[in-house]
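Chains as they are written, first to last, in my numbering: chain A, 1 to 544; chain B, 1 to 308.
Among the hints, erroneous ones may be present.
Unchecked claim - For lysine to aspartate or glutamate, the following DMTMM-like pairs were computed, each having C-alpha atoms within a straight-line distance of at most 25 Å: (1) B:K157 - A:D490; (2) A:K539 - B:E174; (3) A:K539 - A:E525; (4) A:K539 - B:E66; (5) A:K196 - A:D173; (6) A:K196 - A:E419; (7) A:K539 - A:E522; (8) A:K405 - A:D361; (9) A:K539 - B:E264; (10) B:K157 - B:E66; (11) B:K157 - B:D52; (12) A:K84 - A:E125; (13) A:K539 - A:E517; (14) B:K157 - A:D465; (15) B:K157 - B:E174.
Said to hold, decoys possible - Some residues of chain A that are not near chain B, with every Cβ distance over 10 Å (derived): (16) Y115; (17) S275; (18) C537.
To be verified - Interface residues of chain B toward chain A, partial, derived using beta-carbon atoms under 7 Å: (19) L149; (20) E262; (21) S265.
Note that these hints are calculated values from the structure, not bench results.
The beta carbon of each residue, even a glycine, is placed where N, CA and C say it ideally should be.
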Amino acid sequence: MSAARRRKEWQKDQEHRVQLPNQPGGRTLDSTPGLQVLTAPAVLTLTLVALSFLPRIQSNLALAISIWGAAIVLLAWLLMLYLKLRHEHASRTFQTMLRPQHYVQALVQLAVFAYWGLHWRPVYEFGTLLAAQLIFAYVFDMLLAWSRRETYTLGFGPFPIIFSINLFLWFRDDWFYLQFLMVGIGFLGKEFVRWKREGRTVHIFNPSAFSLGLFSLVLIATGTTDLTWGQEIASTLTLAPMIYLYLFLLGLVVMYFFSITLVSGAAAMVLFGLSALYTSLTGVPYFLDSEIPAAVFLGLHLLVTDPSTSPRSRAGKLVFGGLYGLGVFGLYSLLGAYGAPTFYDKLLAVPLLNLSVRGIDALIPVIRRSRAIKLLRLDWAPLGLNPVHMAIWIIFFGSMTAMGKTDGMHPGDSLPFWEQACAEDRQTACNRLIQLEASYCGDNSAWACNELGGHYRQGEIVSSDANLALGYFSRACELRFQPACVNLLDPGNFSRINPRALDLRLLLREGGQNLMEMTEPELYERACVQHDWDFACDKIMSAS
Amino acid sequence: MIRKTSVPLTALGLVSAVWIALSFAGSLPQPSLIPDHTVISNPGEAPRFLADAWQLPDDPLLGFVEITAGPFLMGSDATIDPMAFDIERWSSTNAQVVLELPTYYIGRFEVTVAQIRSFVQATGYPIDGQALSGAPEHPASFISWPDALAYSRWLDKILRISADTPEALSTLLEGGGQVTLPTEAEWEKAARGTDGRIYPWGSEPRPDRATYRARGTTAVGSHQCPECPFGLSDMAGNVWEWTRSPYQPYPYDPTDDSENLENESLWVMRGGSFTDPERFVRGANRGGGDPGARRAFIGFRIAISPSE
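Just chain B, with the same shape it has in the complex (with noise of 0.2 Å):
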C-alpha cells in the first residue's frame, strides 16, 4: 500500500541528499600550497623580508631603488665584448647609442617565491604550482608573462590602498609612479649602470658575483656585489627576467611596442640565468620568450615606472 505523502516525501528526502552531498563537495577544504611563512632571519648579510609588508624586503622603499634620470649606453659593440651577439647592435651604422631615461625605480631583488605566495593567497590568483614550491627566499620561476604582469597589477593596487605602505611610496605611485614590469631600457640601465660595462660589476665574468652555470637558483640577495650599479642583486644569472618591451630589432622604440601586432608574440627577458654561461648573463643580452612559458629558469623583477 502506498500512501499518498511518500512519493513528495520519498522525492524530498533525494533532493535533501543529493544537494548535502553536492553542498559537502563545493566546501571540502582545499589542500593548502601555501605554508605560513613569515620573515626570512638571516642575520647579518641576507636582506630581510617583511611578514607583515606582503613579503616585501624590509627597507624605507620596500625594496624599490632609485634610478635617477640620465643617460645610459645602450647596446653592444661587437668590438668592446666580442661575446655580443647580433640582434644586440643597435643599427648597421651605430653600435650602440645613449640613451635618455626618466628618473624610476626598479626591485633591487627578484621577486621570490614568499612574495608570490603572498599574492596567491590574497587573490587566489590560479598559478603553475611549481611556482609556489621554492624556497621562500629563492626567486620566483614557472612564471609566465601574464602571471608577472597580474602580480605588478596587484602590488600596484595594494600599495595604492593599503595604510602600511610607507609614505616615500605613496607619494611616488600617488605622483604617477606604476608598478609594473621593467622595459628592457630601464633594465639595462639597472644592470650595466651609466659606463656600458658588461656585467654588472665590471667587464670580466665573475662566478663569486652572481649565479650562473650552476644547478639551481640560489636566494635572493645571497651574493655580495660592492661594485653592481645601484646596489641591485642578481641582475646577471639566477633566473632571466621578464620586461615589458616586444622582442623587436633595434633600434629600441617603446613608442613602438603596440605595433607589428601581426607578429609573433615574444617578450624581452633580460639577465640570464643559473643554467647559462657568461655570454648570456652580460647585462646587454637579450632573451626573446614565448609569453606563456612557464619554466624554472624564468622569472621577473618589477619597477616602478611613470605612467605612459
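The following block holds chain A by itself, in its conformation from the complex (with noise of 0.2 Å):
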C-alpha cells in the first residue's frame, strides 16, 4: 500500500471516529450495509400519516396539513437520498446505541408530563402530536445521518430532545407546522452549529434548548407569542399539588445517574439568594408567586443539564449553574421592561451559557490556582464527590422547603398583598398587581377583569386605555358581574364590588386548582386569614 493511500485510508478512519458515538455507557448493534435501512425512514413517515388520521389530529384541518406537509417534506428527502445513493452505489447502515444519559433522563421528563397532565388536561391531549412529533424527530434524524454519512446511530436520543422542547413551548394546532420546524431546526443545530472543544468536535448548543432559544427571540421579536401555549406551560406546572418536591425528587434521580448536582444545586441556590436579597431590599417578591418559578426549577433540572454542551470539570459545573441562575434573574427583568413574556427568560439562558462553555473551561485552571481555594480549602477532596453535592442539595432544599419557600403559600399569590404594595409604591408592585390580575381574568374571574378594566380607565397605576378597559369591562360583564355593565354604560366613572365567592374560589387558589368544592365560610376564612382581605374578615364577623 503507498503511503498516499495509507494516508487516506487513515483520514477516512479518522473522519469516522469522530463521527461515530465514542461515549461509554451504550450497547451497540450493527446492521448491514445497504440501502435496505431506508424501509425505516418511509414506515416511520407512513405511520405519521396513518397517526394524522386519528380524531384529535383531525379535529383541526390546519393541524392535520401541518403533519401532511411534514410527511411530505421527509419523504421527497428520503426519495432524493434513495436515489443519489443508488447513483453513487452508496450503502448505508445503522448501530443501536442505548445511552443510559438518553433514556433515564426521557423516563425523568415523561414522569413530569403523566403528573402534571394529571392535573392540567390538555398536556394528556397533547398526546398524539407529542408521538407525531417524535416519528418526524427519527425519520428527519435518520435522514440527516445518512444524507452526511454512512451510519445512523439508533438510540432513545431523540426521545429527550422532544421531550424538552415540549415541556417549555408548544404552537397552537393552527401553527403547528413551525413546531415540526423547530424539531428540525433543533437536530440541525446539533449536526451543523459546532465547533472544536477538547480535541473533538462536539455540537455546541443544547439541541432542545437551541431551538427553544432561537424561537423565543423569534416569537418576542414578533410579538407572537399568543401563537403559542408558552405562557399556560410555564403556569400550570404548579396546578400539580407539591410540584417543587415532585421536581426534586426527579431531579435526585438524574443528579445520582450524571452528576448534574453542582449545575442544578448552584443555579437554584443563585436563584433562592438573589430572590430573598430582591425582597429584603424592597419588601416584595422578585418572582411573582414564588421564589423559583415551577418551569425555571424544571429548567434547571432538565433543560441546562445537558452533560455535553456544559462544563466537564467541578469547578465549571459550578460556575455553569451559578450563571444560569443569575442568567435567568437577569433576563425576566430584561424581558419584563421590553414588555415580553417572562417566561422565556429560563429559555434564553441555555443558548448563551453553552457558548460561554469554552470560556469557563478556560477559567477554571485560573480559578483553580487561586489563593482563595487554598484558604477554603475547596479543594479538599470529598467536596469533588457527587453524593456530597446531593447531600448540601438536600439539606438546602429542605430548608428552603421548611421555611415555606417551595411549595407552601406564597405571599406574592395574594391579591390584597399587591394591592397594598402598589398603593405604598413599591417597586414593581403595581405591573404585579396588573400582571396578577390578568391573569385571573384570563381565567375567568370577572371581578379580576373589572378591577382591570378600571384601572386603564382611571389610569392611576398604568397608562390610561379606554378601548383596553371596555374590552376588560365586557367580558366581566358577560361573566355577568353587574359592576362591569354599568361600566360599559357609564364612561364617566368606575363601579365595582368585592369579590363574588365564585371569584375567590379563584382568586384563593394560590397557583393551584380552583377551590371549586370548598364552602363559601371556608373561601371567606381563607380569603381573611390567609389573605388579609378586609370585606372577608367582616363577612366573618357579620356572620358569627
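Need the complex rebuilt from these two chains, each delivered in its own frame; the hints are there to steer you.
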C-alpha cells in the first residue's frame, strides 16, 4: 500500500471515528450495509401520515395539513437520498446504541408529563402530537445522518430532545407546522453548529435549548407568543400539588446518574439567594408568586443539564449553574422591562451559557490556582464527590421547604398583598398587580376583569386606555358581573364591588387548582386569614 | 475541517429561516367571513339600505325615527290583558302608570346582519361567527349585550365624525343625543304608542303583522304594519331586543340602574322572538337576559337617547 493511500485510509478512519459516537455506557448492534435501512424512515413517515387520521388531529384541518406537510418533506428528502445513493452505489447502515443519559432523562421527563397532565388535561390531549413529533424527529435524524455519513446511531436520543422542547413550548394547533420546524432546527443545530472542544468536534448548543432559544427570540421580536401555549405551560405546572417536591425527587435521579448536582444546585441556590436579597431590599417578591417559578425549577433540572454542552469539570459546572441562575434572574427583569412575556427567561439563558462553555473551561484552571480556593479548603477531596453535592442540595432544598419557600403559600399569591404594595408604591408592585389580575381575568374571574378595566379607565397605576378598559368590562359583564355592565354604560365612572364567592374560588387558589369544592364560609375564612382580605373578615364577623 | 465563519453563518441562516416562517405565519391572509355586500334592492315595499352608509336604512335620518316627548302608559293590568305576567305589574297598588319621556329616536328596524358586518369590517371587533352568517337583511342574532353596546358606541362615533352623516342627524348628536340601546321605557313607548295597546298593531294577536311561532327570522321590515305606532317594524317577534335597563322589579326608575350591583346580572330584553307564542310578543312583556348570552333569537335595535 502506498503512503498516499495509507494516509487516505487513515484520514477516512479518523473521520469515521469523529462521526461515530464514542461515549461509554451504551450497547451497540450494527446492521449490514445496503439501502434496505431506508425502509425504516419510509415506514415511520407512513406511520406519521396514519397518525394524522386520529380524531385529535382530524379535529383541526390546519393541524392535519401540518402533519401531511411534514410527511411530504420527509418523503421527498428520502426519495432524493435514495436516488442519490443508488446512483453512487453507496450503502447506509445503522448501529444501535442505548445510552442511559438518553433513556433515563426521557423517563424522568415522561414522569413530569404524567404528573403534570394529571392536573392539567391539555397535556394528555397533547400526547398524540408528542408522538407525531417523535416520529418526525427519528426520521429527520436518520435522513440527516445518512445524508452526511454512512452510519446512523439508533437509540433514544430524540426522546429527551422532543420531551425537553415540549416541556417548555408548544405551538397551537393552527400553527403546528412551526413545531416541526422547531424540532428540525434543533437537529440541524446539533449537526451543523459545532466547534472544537477538548480536541473533539462537538455541537455547541443543547439541541432542544438551541431551538427553544432561537424560537423564543423570534417570537419575542415578532410579538407572536400567542401562537404558542408558552404562557399556559409556564403557569400550569403549579396546578399539580407539591410540584417542587416532585421535581426535586425526580431531579435527584438525574443527579445520581449523571452528576449534574453542581449545575442544578448552583442555579437554584443563586436564584433563591438573589430572590431573597431582592425581597429584603424592596419588600416584595422578585418573581410574582414564588421564590423560583416552577418552570424555572424544572428547567434547571432538565434543560440546562445536558452533559455534552456544559463544562465537564466540577468547578466549571458550579460556575455554569451559577451563571444560569444569574442569567434567568437578569432576563426576567429584562424581558419584563421590554414588555415581553417573562417565561422566556429560562429558555434564552441556556444557549447563551452553551456559548460560554469554552470560556468557563479556560477560566477554571485560573480559579483552581487561586489562593482563595486553598484558603477555603475548597480543594478538599470529599467536596468533589457527587454524593456530597447531593447531600448539600438535599439539605438546602429541605431548608427552603421548611421555610415555606417552595410548595407552601407565597405572599405573591395574594392580591391584597399586591394592592397594598402598589398603594405603597413599592418596586414593580403595580405592574405585578396588573399582571396577576390579568392572569385571573384570563381564568374568568369577572371581578379581576372589572378591576383591570378600572385601572385602564382611571389611568392611575397604568397608562389610561379606554378601549382596553371597555374590553375588560365587556368580558366581566359577559361573566354576569353587574358593576362591569354598568361601567360599560357609564364611561365617566368606575363601579366596583368585592369579589364574589365564585371569584374567590379562583383568586384564592394560590397557583393550584380552582377551589370549586370549598364551601363559602371556608372561602371567606381563607380570604381573611391567609390573604388579609378585610371584606372577608367583616363578612365572617357579621355572620358570627 | 470547520471554518471559523461557518458557525455564525449557519446560525444566521437558521435565524432567518425561523424569522421568515414566523413572519409568513403572521401574515397569512385571514379567511374572510364577510362577503362583499352592497345594497338590498327589493323594489316596492321592502326597505332599502345604503352600502355607503354602513348598511343603514335609506332614510333622511338613516333609520332613526323620532318619538316625541310626552306621556305613555307603562306596565300591564291583568284585568285588561289576561296574558300579562306579574313582573309587568307596576306596583301592588297600581297595575300601570303614565310615564313621561323626553323626545328620543329609535331604529325603524332591528339591527341587521349586514350592519354588523360593516361594524366588524371597520373595527375587527371579535364577534361570534354566527352573528355574521345570516342573510344580510335579517336581524343580527347571536349578539351579547356588550356586543350590542359595542356596535352602538362605534356607530355613535362614526356618525359624529363622518362627513356623510345627514345634517339633521349630526345636529341631533351635537345636541346631546347618543347612539345607544333604548331603555325599556323607551322601547315600550315605541312599541305600544301612547294608548297602552297590547301589541304594536292593537289588542289581538295577528300573525301577518309579525314573525312569531315561526321556524326562523324574517328580513327586517318584511311585515306591513300600518297600525303600528311611529312606523316601526318588528317591535313584536323576529328577535328579542336588548335594552340598557337592568332586569329588576317595577316600579321602573332609571336612576337606580347603577344600584343593586351585588345582584346577579340580567338585562331586559323586549319584544319576544320568532320562537315565541303570542303571550311573549306583547309590548309590555319583559325578558331578562344573561348579558353574555348569544342566541339565535336575541338581537337588538338602537336608539338615540338624550345624554344622561
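We went through each hint and held it up to the structure:
no., hint, verdict
1, B:K157 - A:D490, "holds (16 Å)"
2, A:K539 - B:E174, "violated (48 Å)"
3, A:K539 - A:E525, "holds (9 Å)"
4, A:K539 - B:E66, "violated (50 Å)"
5, A:K196 - A:D173, "violated (39 Å)"
6, A:K196 - A:E419, "violated (53 Å)"
7, A:K539 - A:E522, "holds (12 Å)"
8, A:K405 - A:D361, "violated (33 Å)"
9, A:K539 - B:E264, "holds (19 Å)"
10, B:K157 - B:E66, "holds (20 Å)"
11, B:K157 - B:D52, "holds (16 Å)"
12, A:K84 - A:E125, "violated (40 Å)"
13, A:K539 - A:E517, "holds (20 Å)"
14, B:K157 - A:D465, "holds (17 Å)"
15, B:K157 - B:E174, "holds (12 Å)"
16, Y115, "holds (31 Å)"
17, S275, "holds (32 Å)"
18, C537, "holds (18 Å)"
19, L149, "holds (5 Å)"
20, E262, "holds (6 Å)"
21, S265, "holds (4 Å)"
Hint violations for this structure: numbers 2, 4, 5, 6, 8, 12, all remaining hints satisfied.
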